[in-house]
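Peer 1: Work out the full structure: start from the sequences and follow the hints.
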Amino acid sequence: MKKGMKIISIDDEPSVLKCLEQVLRSHGYELLVFSDAEEGLQALREHDDVGLALLDIRMPKKNGFEIYKELRTFKNIPVLFVTAYPASFTARSDDLVQIWKREFADGTTDIIYKPFDVSTLFEKVEALVGPMED
Amino acid sequence: MNREIRKILIRHWIDLGHLSFRSVNGRVWIRGELHRIAGVQEELTPSLVDTIFSEMRRLRGIVSMNIELNNWIQSQGGWKPMESEDRTAPLISPDQTKGPRVHDIGPG
Chain A
1 MKKGMKIISI
11 DDEPSVLKCL
21 EQVLRSHGYE
31 LLVFSDAEEG
41 LQALREHDDV
51 GLALLDIRMP
61 KKNGFEIYKE
71 LRTFKNIPVL
81 FVTAYPASFT
91 ARSDDLVQIW
101 KREFADGTTD
111 IIYKPFDVST
121 LFEKVEALVG
131 PMED
Chain B
1 MNREIRKILI
11 RHWIDLGHLS
21 FRSVNGRVWI
31 RGELHRIAGV
41 QEELTPSLVD
51 TIFSEMRRLR
61 GIVSMNIELN
71 NWIQSQGGWK
81 PMESEDRTAP
91 LISPDQTKGP
101 RVHDIGPG
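Chains A and B, in that order, give the protein sequences.
First residue of the first sequence? That's 1 in the numbering used here, and the numbers climb one at a time after it.
First residue of the second sequence? That's 1 in the numbering used here, and the numbers climb one at a time after it.
Hints may be right or wrong, so weigh each one.
[As the list claims (entries may be wrong)] For lysine-lysine, the following DSS-like pairs were computed, each having C-alpha atoms within a straight-line distance of at most 27 Å:
| id | chain 1 | residue 1 | chain 2 | residue 2 |
| --- | --- | --- | --- | --- |
| 1 | A | Lys69 | B | Lys7 |
| 2 | B | Lys7 | A | Lys101 |
| 3 | A | Lys101 | A | Lys75 |
Keep in mind that the hints were calculated from the coordinates and are not lab data.
Peer 2: Encoded structure:
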């Protein structure tokens, strides 16, 4: 993965976006942040060079799983779900079970729970997109 | 390699949010806690844990695996769940204090 790889993050909490922006940019990633799901999806459509999407789950208008399903219809890039709610991932949800079996099974999706330490974030990002090269 | 490891974890309904792993030149490090996602009826058993890591060891290119779990321990050649008094601070948890952190703000 080349330095300056583009990441799109969609989260309705601006302070989380700001924090992600700071830490990922400091490590050479180019981060585009969106607090509006539709705007984020539009950016995912428009930018061919995006290497990773960071998706919050609980958001107004459109949740992270809906964004994920829509994203998968036009682009197959790694996705890291960033959420404070582990309970979002439950086999009691038919929707989640379907996504888990159909989409997660290809091994390009990961999960990180808030709050998290930065080293874990980088570990997960690098495991999804490969280590940073100059 | 990371993708193949993730595929195995997904196949066994493991909650990826409690685990972290990396691989370099066939050497794999896994840390955190091994849980299934909520709502999966069959709980993890020692033999299932053994199966998961055996599948990983059989992946092409794996040279070694370093597994540090906070809730399972290797004992006498097998895996066993850690008793609560044996457990150290979680490797990936809200209580972890090392390094800067992204805090739980907003509805998430």
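Peer 1: Compare the structure with each hint and give your call.
Peer 2: Results for each hint:
About 18 Å separates the Cα atoms of A:Lys69 and B:Lys7, which keeps this hinted pair within 27 Å; it holds. For a cut-off of 27 Å, the pair hint linking B:Lys7 to A:Lys101 stands: about 10 Å separates their Cα positions. Distance check on the hinted pair: A:Lys101 and A:Lys75 sit about 18 Å apart at the alpha-carbon level, within 27 Å; holds.
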